[in-house]
Amino acid sequence: MSTSETIPAGIPKCPTGIRGLDEITYGGLPRGRPTLICGGAGAGKTLLAMEFIVRGARDFGEPGVFVAFEENTDELAANVSSLGFDLPAMVEQQKLALDYVRIERSEIQEAGDYDLEGLFVRLAVAIDGIGAKRIVLDSLEALFAGLPNEAILRAELRRLFSWLKQRGLTAIITAEQGQGTLTRYGMEEYISDCVIFLDHRVADQIATRRLRIVKYRGSVHGTNEYPTMIDETGLSVLPISSLGLDYGVSNERIATGVAALDAMFGGQGYYRGSSILISGTAGTGKSSFAAAFADAACQRGERCLYLAYEESAAQIVRNMGSIGFDLQRWVDEGRLRFHAVRSTLFGLEQHLVTIHKLAAEFRPDCVVMDPVTNLNAVGGDAEITAMLTRVIDYLKQSGITAMFTSLTSAGLVIEQTDVGISSLMDTWQLLRQDDMAGERKRLLYVLKSRGMAHSSEVRQFRLTEEGIRLEEAQ
Amino acid sequence: MPVRMNRQTKELIAAAREMQHARYVLRLYVAGMTPRSAEAIRRVTDFCEKHLTEQYELEIIDIYQKPALMRGEQIVAVPTLVKHLPEPLRRLIGDMQDEDKLLFGMDLVTRPK
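Heads up: the protein sequence lines correspond to chains A and B, in order. Mapped onto numbering that gives the first Met the number 0, the consecutive letters of the first sequence carry residue numbers 0 to 473. Mapped onto numbering that gives the first Met the number 0, the consecutive letters of the second sequence carry residue numbers 0 to 112.
The hints are simulated quantities; they were obtained by calculation from the structure and are not laboratory data. Mixed in with the good hints, there may be bad ones.
Here are some, though not all, of the chain A residues that point toward chain B, as calculated from beta-carbon distances under 7 angstroms [as the list claims (entries may be wrong)]:
#1 Arg101
#2 Val120
#3 Arg121
#4 Val124
Note that beta-carbon positions come from the ideal geometry of N, C-alpha and C, so glycine has one too.
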């Protein structure tokens, strides 16, 4: 979603500073109201809440109070120090206040009527001490476990939320997911302005995180499940659905890296900003064409991001050196960046978020994903197609030319093997090997290339020490 | 008392007898002078006079006057009666209308009636 997009008028918002979340909520959480963050154990509720407070204090000049019911303040500070958040220093500067409310069930006995005025006074002290605009209660459910009288508790919670609203505080309340319900103790009854659900699921031993806005009263919001990632910079949410088929197109053409191949594309190569699929069986030279493409980009003085899912960067550099591509030179000059990672290391969502992050940071002109089929290991065909749609939409919107290689199984009708992703591609180039007269020959043809007159010949090619050589057409 | 007893047995017997006369250190937290606070204060003082005669220290604290104290004491509900001594630490919450629960909470009986 581009920032230039007009934000629909609505209730005032309070930015979280969390990448992606402010986009899908069109500006942040409802200002001056409580938001419920729910999800299972380990879903990232505390982290989201903490980022809201820390980023609020640091980036938006809004001091915040973090009230922890389950961890003491030292544990909290230690947990987020790896994200570069120095809580003790922020407490020192009066930007942030931490309070640990410990409710130990075994110490407590009930002897008549009571209320939670003690909690209210504590909150008031913390809030007034730093002039807080934001507050987190993580998690109020500890009260249910610690205090015996649920009727009193529920009445007091109602009073608490209206008290927070009266004070104009933007609040996050976290709550654990229940069996078949959003929260175990029905916190959603009290907080109806904004409810966000965090999901952390494991399928085929691969963990993926997602975020969904269950409701947001008085505001439009994205309704999808958004891929979410936790890394060394904190939480990020990927606003994918906002992308669409509305990107500009370029008439500029760029070289394929093989002169004779350029000729097959009307003599000028690929369109800039298009998506190119190279498919073939094992050993047909897909990576070689990818290397040629990357090499050509760097020679033009552009930057190329190479996402390798099968081989290490060093191995690709060595192998491509043997057919005349000196990729190390471009790595040294900072024009070529490899990101080599086993596809099975992460879920698809995380790969997607990683691509976004790398692209945002490195600002490449060209991207190579070699091979996309390797992602089969972490997702079904439908999921890969969905992910590639997002990748392609994103890259196209940024005007980045993208090349994908795809390994097809021998013995299948080759035109059918990549049917799922081929419709996303502007150019589809096929490689195959044929046995002819006791020799395996490498063959190449262009199955489609949108918007240009392309050759329909089947061409033989060789991988030589000076690069890829196409034989003359017969 | 039997003549032959080892030292540990003697000490344990002495400690058990001593417990009946243990010093009670109590703090009662209330929020302002509401009817509930007043009820709790009357109940607790009556209780102490009746069951803990001359063996208790009681401090009554209005949380509005000393809000800073609550963090260390972990006060959430009011009224709360905190028994610091003898150990173990106990927190009784409520207006203390139920004397049996007070007896149990102060460890003066071993099970609630």
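Outcome of the hint check:
Taken as an interface hint, A/Arg101 checks out: its beta carbon lies about 5 angstroms from the nearest beta carbon of chain B, inside 7 angstroms. Restraint check, A/Val120 versus chain B: the minimum CB separation of about 5 angstroms is within 7 angstroms; hint holds. Interface restraint check for A/Arg121: the shortest CB-CB distance to chain B comes to about 5 angstroms, inside 7 angstroms, so the restraint holds. Taken as an interface hint, A/Val124 checks out: its beta carbon lies about 5 angstroms from the nearest beta carbon of chain B, inside 7 angstroms.
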